[in-house]
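**Q** Protein chains in written order, with the numbering used here: chain A, 1 to 278; chain B, 1 to 278.
Incorrect hints may appear among the rest.
Said to hold, decoys possible - To give an idea of the chain A side of the interface with chain B (calculated C-beta under 7 Å), a few residues:
#, residue
1, A105
2, M157
3, L161
Derived by calculation from the structure, the hints in this document are not laboratory data. Bear in mind that the values here come from a model prediction, so they are computed numbers and not experimental data. Using N, Cα and C, we set each Cβ at its ideal position, and we do this for glycine too.
Number of protein chains: 2
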Amino acid sequence: MQVTGDLLELRKIRASMAGTFGLVPTMGALHEGHASLIRRAGAECDHVGVSVFVNPSQFGPGEDLGKYPRRIGPDLEMLERLGVAAVFTPAVQGMYPDGYQTWIAVEDITIPLEGKCRPGHFRGVATIVAKLFNAFRPDRAYFGQKDAQQAAVIRRMILDLNFPVEPVVCPTVREADGLAMSSRNAYLDPRERKAAAVLYRALAAARERYQKGEREGNTLRAVMRAVLDSEPLARPEYVSAAHPDTLREVRTIETGAGVLISLAVKIGETRLIDNMIL
Amino acid sequence: MQVTGDLLELRKIRASMAGTFGLVPTMGALHEGHASLIRRAGAECDHVGVSVFVNPSQFGPGEDLGKYPRRIGPDLEMLERLGVAAVFTPAVQGMYPDGYQTWIAVEDITIPLEGKCRPGHFRGVATIVAKLFNAFRPDRAYFGQKDAQQAAVIRRMILDLNFPVEPVVCPTVREADGLAMSSRNAYLDPRERKAAAVLYRALAAARERYQKGEREGNTLRAVMRAVLDSEPLARPEYVSAAHPDTLREVRTIETGAGVLISLAVKIGETRLIDNMIL
Numbered sequence: 001m002q003v004t005g006d007l008l009e010l011r012k013i014r015a016s017m018a019g020t021f022g023l024v025p026t027m028g029a030l031h032e033g034h035a036s037l038i039r040r041a042g043a044e045c046d047h048v049g050v051s052v053f054v055n056p057s058q059f060g061p062g063e064d065l066g067k068y069p070r071r072i073g074p075d076l077e078m079l080e081r082l083g084v085a086a087v088f089t090p091a092v093q094g095m096y097p098d099g100y101q102t103w104i105a106v107e108d109i110t111i112p113l114e115g116k117c118r119p120g121h122f123r124g125v126a127t128i129v130a131k132l133f134n135a136f137r138p139d140r141a142y143f144g145q146k147d148a149q150q151a152a153v154i155r156r157m158i159l160d161l162n163f164p165v166e167p168v169v170c171p172t173v174r175e176a177d178g179l180a181m182s183s184r185n186a187y188l189d190p191r192e193r194k195a196a197a198v199l200y201r202a203l204a205a206a207r208e209r210y211q212k213g214e215r216e217g218n219t220l221r222a223v224m225r226a227v228l229d230s231e232p233l234a235r236p237e238y239v240s241a242a243h244p245d246t247l248r249e250v251r252t253i254e255t256g257a258g259v260l261i262s263l264a265v266k267i268g269e270t271r272l273i274d275n276m277i278l
Numbered sequence: 001m002q003v004t005g006d007l008l009e010l011r012k013i014r015a016s017m018a019g020t021f022g023l024v025p026t027m028g029a030l031h032e033g034h035a036s037l038i039r040r041a042g043a044e045c046d047h048v049g050v051s052v053f054v055n056p057s058q059f060g061p062g063e064d065l066g067k068y069p070r071r072i073g074p075d076l077e078m079l080e081r082l083g084v085a086a087v088f089t090p091a092v093q094g095m096y097p098d099g100y101q102t103w104i105a106v107e108d109i110t111i112p113l114e115g116k117c118r119p120g121h122f123r124g125v126a127t128i129v130a131k132l133f134n135a136f137r138p139d140r141a142y143f144g145q146k147d148a149q150q151a152a153v154i155r156r157m158i159l160d161l162n163f164p165v166e167p168v169v170c171p172t173v174r175e176a177d178g179l180a181m182s183s184r185n186a187y188l189d190p191r192e193r194k195a196a197a198v199l200y201r202a203l204a205a206a207r208e209r210y211q212k213g214e215r216e217g218n219t220l221r222a223v224m225r226a227v228l229d230s231e232p233l234a235r236p237e238y239v240s241a242a243h244p245d246t247l248r249e250v251r252t253i254e255t256g257a258g259v260l261i262s263l264a265v266k267i268g269e270t271r272l273i274d275n276m277i278l
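Looking at chain A on its own, in the form it has when it is part of the complex (with noise of 0.2 Å):
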């Protein structure tokens, strides 16, 4: 495994590396949603690149960018274990020099859910990715389900800017509870803990109803909120049944269409998301 920060010797590696490439950008901490990309990268890809870098411009002003966990050295092992080729951590100073000023927009779907609640966010995230695209030239790139929105705006930025790259959804690994794997989940405490699981019986009440027929999305997001005002803990952003695809909320489902519920909710000063395409 070949580790830099710097982008020239980065691009040294990977000119050295024959067939298909994989790219899993992270922001470290990794955990057990993560192995899973890599997993399936490994699968599909000849050589596997994997990006940690907490990513600055991603994060608002009164958001955890301080806090937000970082630790290379057992990130590196896990990386070595599953068999990665190449991993980036460029410095703060390198991806983002002095001077710097080009960002990426995306625009309508950026516009509600976690746009709504941080404004600049996929900015940040359109901008990192395209940069890590350009710094790694991967044929396919691997985003987790837990963040769907991002996944709609980085495969709306690629289809967009002609990137020559195939993104890959994975499936949103969880803990026992049904909570979803997060870097975010060691800022819990243990009462805090047993509380976050109620985005996921929030969600999975709502795929509940939908699998009996039910069809209005008022009614996704009324089961939705009932399951997250039981448990004292969640203080919900917002609780979503949109369009997969727009993002845009639904009334009533249209048959093929699909519906992606969504949530953010605050569980003490924790902010944790999740979502489900029914």
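Starting from the structure of chain A, add chain B where the hints point.
**A** What follows is chain B alone, placed relative to chain A:
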């Protein structure tokens, strides 16, 4: 020479070419200025690709998108003669399909000069150039010094977004009386065509003063204005003496920094630009 308007076909053509690849992005209506870029690319690269696309997103509402000269027949003959390997002639709908919503903004250096006169222009330029980079995957890309700010914007975008492309900026090609070659010169009637040489005369007058030791921005700008004022058909939009990298107006030119003197002038209804780096 292989010509296609289809992105997937272009990717196939490109994938069949070994060695280095040079891209010359154009809006067609090709002239000797374009030819000089293509010859330079041919001298430095194993294969040369040219795009011919009148990019609507870089034209403002009141601008000349509708009347911009289009003559693909003569353009292709010229490209064939110049030994170009691949020509990309996409349709507008192909580059900006329904639902298109991704834009690249370069910030500080797009604020003055052309950016001030043509809001949104450089967003369109940066975005289409990024799309063409992703479509052609060139090793080098060739731009004319005539569009000095455009060259600076693209250089900045390449650096900021880690595009693995080397930008090459080539000297402005001029008519016998000094008028910079431009597809827009075709708009000029004979009287306007004669008057249009005033841009070059203004720049040349400032250059002469600079060569005699003048280092005050205000003086250089005044010298150019005085020459432009002598031509009744000329209506200046801006007259600038700026730092070549930041494009900020200079008070006193620092030793070793050089200066970009530039002009935008309306001759009748035709807007012309020109510049020199001193």
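**Q** Holds or violated: the hint that M157 (chain A) contacts chain B, with Cβ atoms closer than 7 Å.
**A** Holds: closest Cβ of chain B sits about 5 Å from M157 (chain A), inside 7 Å.
**Q** Holds or violated: the hint that A105 (chain A) contacts chain B, with Cβ atoms closer than 7 Å.
**A** 5 Å, holds
**Q** For the restraint on L161 (chain A), tell me whether the closest CB of chain B is nearer than 7 Å.
**A** 6 Å, holds
The structure meets every hint from the earlier list without exception.
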